[in-house]
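J.: Residue numbers for the sequence shown follow the working numbering, beginning at 3 and rising by one.
Simulated from the structure, these hints should not be mistaken for laboratory data.
Just so it is clear, the structure is predicted and the values come from calculations on it, not from any experiment.
Where is the CB? At the ideal position from N, CA and C, for every residue including glycine.
Be a bit skeptical, because a hint or two may be false.
To be verified - Below, computed lysine-lysine pairings styled on DSSO-like, alpha-carbon distance capped at 30 Å: (1) K9 <-> K22; (2) K22 <-> K63; (3) K41 <-> K22; (4) K9 <-> K63.
Stated by the list, open to error - Here are the simulated distance ranges between beta carbons: (5) D72 <-> G37: 17 to 25 Å; (6) T39 <-> D72: 14 to 22 Å; (7) D34 <-> D72: 14 to 22 Å; (8) I40 <-> L4: 16 to 24 Å; (9) R70 <-> R28: 13 to 21 Å; (10) K41 <-> L4: 14 to 22 Å; (11) G7 <-> D47: 17 to 25 Å; (12) G16 <-> D46: 14 to 22 Å; (13) S45 <-> G16: 25 to 33 Å; (14) T69 <-> D46: 18 to 26 Å; (15) S38 <-> D72: 15 to 23 Å.
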Amino acid sequence: MLREGTKVQWNWAGHTATGKISQIFREDVSKDINGSTIKRQASDDEPAYLIEQDDGAQVLKSRSEVTRAD
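Use the sequences and the hints to build the structure in full.
T.: This is the structure in structure tokens:
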């Protein structure tokens, strides 16, 4: 189970990006990030995560888009 503070990774532009989960959503969510509105469908089985990347930027990802980073 992924929780707030868990370090996760995902593929982006041919590279692996990493960050820590800062917020968990179990209902559909919409966030304004860097001037763009990002949306994710979310549920108890497929939550969405607001993630703070190592460089301080934020991203919104679904559970199926990320894995735990060791």
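J.: Compare the structure with each hint and give your call.
T.: Each hint, compared with the structure:
1. K9 <-> K22: Holds, because 4 Å separates the two Cα atoms, which is no more than 30 Å.
2. K22 <-> K63: Holds - the C-alpha atoms of K63 and K22 are around 11 Å apart, at most 30 Å.
3. K41 <-> K22: Judged against 30 Å, a Cα distance of about 19 Å means the pair holds.
4. K9 <-> K63: Given that 30 Å is the threshold and the Cα spacing comes to 13 Å, the pair holds.
5. D72 <-> G37: 17 to 25 Å: violated (33 Å)
6. T39 <-> D72: 14 to 22 Å: Once the Cβ atoms are compared, 33 Å apart, the range 14 to 22 Å for D72 and T39 is violated.
7. D34 <-> D72: 14 to 22 Å: violated (32 Å)
8. I40 <-> L4: 16 to 24 Å: Since I40 and L4 have Cβ atoms about 19 Å apart, the given range 16 to 24 Å holds.
9. R70 <-> R28: 13 to 21 Å: holds (19 Å)
10. K41 <-> L4: 14 to 22 Å: holds (20 Å)
11. G7 <-> D47: 17 to 25 Å: The hinted range 17 to 25 Å holds for G7 and D47, with Cβ atoms some 21 Å apart.
12. G16 <-> D46: 14 to 22 Å: Between G16 and D46, where Cβ atoms are some 32 Å apart, the hint is violated.
13. S45 <-> G16: 25 to 33 Å: holds (30 Å)
14. T69 <-> D46: 18 to 26 Å: Check passed, 19 Å falls within 18 to 26 Å.
15. S38 <-> D72: 15 to 23 Å: The hint (15 to 23 Å, Cβ to Cβ) is violated, given that S38 and D72 are roughly 30 Å apart.
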